[in-house]
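Undergrad: Generate coordinates for the entire structure from the input sequences, incorporating the hints supplied.
Keeping their order, the protein sequence lines are chains A and B. Taking numbering that gives the first Met the number 0, the leading residue of the first sequence gets 0, the next gets one more, and so forth. Taking numbering that gives the first Met the number 0, the leading residue of the second sequence gets 0, the next gets one more, and so forth.
Quick caveat, the hints were computed from the structure, so don't treat them as lab data. Treat the hints with care, as some may be off.
[Claimed, not checked] Residues of chain A placed beyond 10 Å of chain B at every Cβ, according to the derived structure:
hint : residue
1    : L45
2    : A46
3    : V84
4    : S86
5    : E103
6    : V115
7    : V126
8    : D146
9    : T150
10   : S201
11   : A209
12   : L217
13   : P231
14   : T235
[Unchecked claim] One-sided and incomplete, this derived list gives chain A residues near chain B with beta-carbon spacing under 8 Å:
hint : residue
15   : R133
16   : N136
17   : R137
18   : L200
19   : M203
Just so we're clear, the structure is a prediction, and the values are computed from it rather than from any experiment. Cβ coordinates follow ideal geometry from the N, Cα and C atoms, glycine included.
The chain contents come next:
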Amino acid sequence: MISDLLLPLAMAVAAGLVGCFAVMRRMTLASDALSHVALPGIGVALALHLNPVLGGLGALLLGTLLIWALEHKTGVPTEAVIGVVFSVALAVGSMLTSGEQLIEALFGAQRSLSRVETLLGLAAAVVVAVFVLRARNRLVIALVSPDLARTVGIDVPRLNLLYLLAFALTVALGLRYLGVLLMGSLVIIPAATAKYLARNLSAMLTISVAVAVLATVLGSVAGQLLHREAGPLSITIAGGFFLLSVVRRHARWGTGAA
Amino acid sequence: MPNALEVEHLSVSIGRSSILRDLTFSVREGSSLAIIGPNGAGKTILFKALIGAIPCEGTVRWSAGTRIGYVPQKLDVERDLPITGLDFLGARAKVSHAPTEETRRVLALVELPMSAAAEPLGALAGGHFQRLLLAFALMGRPTVLLMDEPTAGVDEPGEAGLYAMIHRLQEEERLTLMLISHELSLVYRYATEVLCLSRWRTCFGPPIEILTPERLQEVYGSATRFHLHDGPGD
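TA: Here's what the structure looks like:
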């Protein structure tokens, strides 16, 4: 039980950290759409009898480079392009996969992983967590003002690329457990909850990780008790935390305040 | 006195529209250059070209050892962003490996109380936010300070106080100052040179030559006058 939970927990920590900056940079929709791009990769990997997570990761990295190039190399408004490209990715992906495999790719499944898969997953989670914690000062300055970041010597396009790659890696981590549709939610919901409750950066990072970890553990326990998949339960529980944070926020600020 | 900045034949285009054309001027070390002109004349674009944030043609030559502090135009920060002034300054200190006392030093320089700096950025009053941005710029111990409408969103008494403080900082820290401003009376009082940008013509010189009613009418395209604030000079 504990060893089965180890990777989901590491995934939750990575998701909680990465999510904070996705929410603060107002890229929640873009990041949700980006996670969909894993589906055609999973489809291709299954057709070639490869590990589906590797296929998903490959597609995610390609999608990431595409978003980044659109943002930095062309003047194309990214919102619409992201919407179109990633909805098409979802459509193509669902043509490439079918039946049980499609459901599993979309919503994840709880199954035991090989030792190699677990170790690689843990390593990826550590890489993501270390990156976000080390880069948090640069990310903070760049999100308040990219121009200010430049005057401080921060290479903003490079920082953005590294952040998006960390994001893609986090989504790939959750593909087995939560699937293409739900992993984006584990990145966004705990961070959105933390944004409502926190008054400073450390509090935001801490609350976000705590909510992601709690939702994952409680979802897992509830799944065992109810004989249901843990992933959807975890996301539902995270949604509950978010609602509580909204209520608390309004109680604190009064209904008139945003 | 040597020049802190020399700009020759600077042109900037964004997409197909040409914003700045063939601009030449220089800024002496320790002087105050005010940049004035109507909205859309390219004042902010000029600053962005000078800090290298956007591509440009022509020459921009900073003197050796120049450190630039940039205070952008009032930033649009989300009201409930959970990043405090101290988070923001702390991030700046960490990125440039400055000692932690540096935060205290710059807050004292801009006269911003610690309790205000501990508030989330979006909750800071206009004057406090501008002081925080100034503190951020001062943290790098700049030799040149670029300020884009430092008093936007600040009420009138706060505005005069902020200018007086900038003037004092300039003397104490021996800064070269470049600022974009609409406050012509304050420009008249503090600037040693004025660069005015407009679609019709560009002019550069001491305030007494540039801030004449005729010139201003040419630049702004309508009758513009300004009054000198009463009270003792600083």
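Undergrad: A:S201 clear of chain B by more than 10 Å, beta carbon to beta carbon?
TA: 8 Å, violated
Undergrad: Please check whether A:M203 passes as an interface residue: C-beta within 8 Å of a C-beta belonging to chain B.
TA: 5 Å, holds
Undergrad: Was the hint right that A:R137 lines chain B, CB cutoff 8 Å?
TA: 6 Å, holds
Undergrad: Please verify that hint: A:N136, Cβ, nearest Cβ of chain B, below 8 Å or not.
TA: Result: holds, 4 Å to nearest chain B Cβ.
Undergrad: Evaluate the condition: distance from the CB of A:A209 to the nearest CB of chain B exceeds 10 Å.
TA: 15 Å, holds
Undergrad: Quick one: work out the minimum CB distance from A:D146 to chain B and report holds if it exceeds 10 Å, violated otherwise.
TA: 5 Å, violated
Undergrad: Taking the shortest Cβ-to-Cβ distance between A:T235 and chain B, state whether it exceeds 10 Å.
TA: Non-interface label stands for A:T235: nearest chain B Cβ at 25 Å, farther than 10 Å.
Undergrad: Decide, holds or violated, for the assertion that all CB atoms of chain B are farther than 10 Å from the CB of A:V126.
TA: Correct as stated: the minimum Cβ-Cβ distance to chain B is 21 Å, above 10 Å.
Undergrad: Verify that the Cβ of A:S86 lies farther than 10 Å from every Cβ atom of chain B, and report whether the claim holds or is violated.
TA: 27 Å, holds
Undergrad: Checking the smallest CB distance to chain B, is A:T150 really beyond 10 Å?
TA: 4 Å, violated
Undergrad: Can we keep the A:R133 interface hint, with Cβ of chain B closer than 8 Å?
TA: 10 Å, violated
Undergrad: Are all C-beta atoms of chain B more than 10 Å from that of A:L217?
TA: Non-interface label on A:L217 holds, nearest chain B Cβ at 24 Å vs cutoff 10 Å.
Checked against the numbered hints above, the structure violates hints 8, 9, 10, 15; every other hint is satisfied.
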